[in-house]
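2 protein chains.
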Amino acid sequence: MIMFSIKPIAHAYNERKEMTDDNWGKVETKIVLVQDISEDSLAGIESFSHLEVIFYFHRVKKEKIVTEARHPRNNKNLPIVGIFAQRGKNRPNQLGLSTVRLLRREGRDLYVLGLDCIDETPIIDIKPVMKEFLPQGSIVQPTWTNDVMKNYWNK
Amino acid sequence: MIMFSIKPIAHAYNERKEMTDDNWGKVETKIVLVQDISEDSLAGIESFSHLEVIFYFHRVKKEKIVTEARHPRNNKNLPIVGIFAQRGKNRPNQLGLSTVRLLRREGRDLYVLGLDCIDETPIIDIKPVMKEFLPQGSIVQPTWTNDVMKNYWNK
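These protein sequences, in sequence, are chains D and W.
Residue numbering for the first sequence follows this note's numbering, starting at 1 and increasing by one per position.
Residue numbering for the second sequence follows this note's numbering, starting at 1 and increasing by one per position.
Same shape as in the complex, but just chain D:
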């Protein structure tokens, strides 16, 4: 069995202490580099407006991880779909991914908006958003996603 090791390059700090589904719109998060990553790793990052942040759902219990299909949010009113057709946290490899707005950088710290992870979440990678990597063509998604996203970014 092939396995790879990853380790935090930073941690996220914000007001959200417990995982809840909605109302992420006004949650501001401070991302702080771990000690063995150089401050230079952020050089020039402030010339980008948006970042992609890969993080680790560290509070997920291994026995909850789904490798097949389930109702999104375990809501029986929604159709059963595969774990890779939804963005829920109980997924193989426990990686989360958000596109965030970079508010400002202060030395080793980044302040961002739109990072839907809880306080003390390990950050695995940060990549700058370039418009050339955005989805090409129009985006199609099923109607059940409207239910899930209805209150997600509420402020």
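Do not rely on the hints blindly, as some may be mistaken.
Said to hold, decoys possible - If you want a taste of the chain D side facing chain W, the calculated C-beta under 10 Å gives, among others:
| # | residue |
| --- | --- |
| 1 | M1 |
| 2 | Y13 |
| 3 | E15 |
| 4 | M19 |
| 5 | S47 |
| 6 | G137 |
Source of the hints: derived by calculation from the structure; they are not laboratory data.
Yeah, the Cβ is synthetic: ideal placement off N, Cα and C, and Gly gets one too.
Position chain W against the provided structure of chain D, taking the given hints into account.
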């Protein structure tokens, strides 16, 4: 030192055998689930037009990994920027990330366009693109990215 283990949920197969920087526009990739992941994990994924794919740069040599700053593509005509202000492969944790167009699904296989990884690359996660997770507001990026991206998606 905190570390996490991740393992491939699938592998990518395409015509690109060696890592080269440009001309990814017409590279079609087949993603095949590993044996211990259920086909049900893809149920309903074909109702999305685009996916985000997290993969592992398996051919990167550990000693090449940059934890501070460098010229993108090691091109001295470009400014020195932090590794987290660029998308190059020689980065901590060796994770790549692409937004791809889903062409079709055939059972345990996905056919996608826009996945800029080489043949046999381990896939770590697949997430559906929902428009609610796209960058909010206008995207700003520095001019050096124009040089880097000029021929990237050439066909």
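Outcome of the hint check:
Nearest Cβ of chain W to the Cβ of D:M1: about 7 Å, under the 10 Å cut. The hint holds. Using the Cβ-Cβ criterion of 10 Å, the hint placing D:Y13 at the interface with chain W is not satisfied: the shortest such distance is roughly 16 Å. Taken as an interface hint, D:E15 does not check out: its beta carbon lies about 20 Å from the nearest beta carbon of chain W, beyond 10 Å. Interface hint status for D:M19: violated, as the beta-carbon distance to the closest one in chain W is roughly 17 Å, over 10 Å.
For D:S47, the interface hint holds, since its Cβ comes within 10 Å of a Cβ in chain W; the closest pair sits about 4 Å apart. Taken as an interface hint, D:G137 checks out: its beta carbon lies about 7 Å from the nearest beta carbon of chain W, inside 10 Å.
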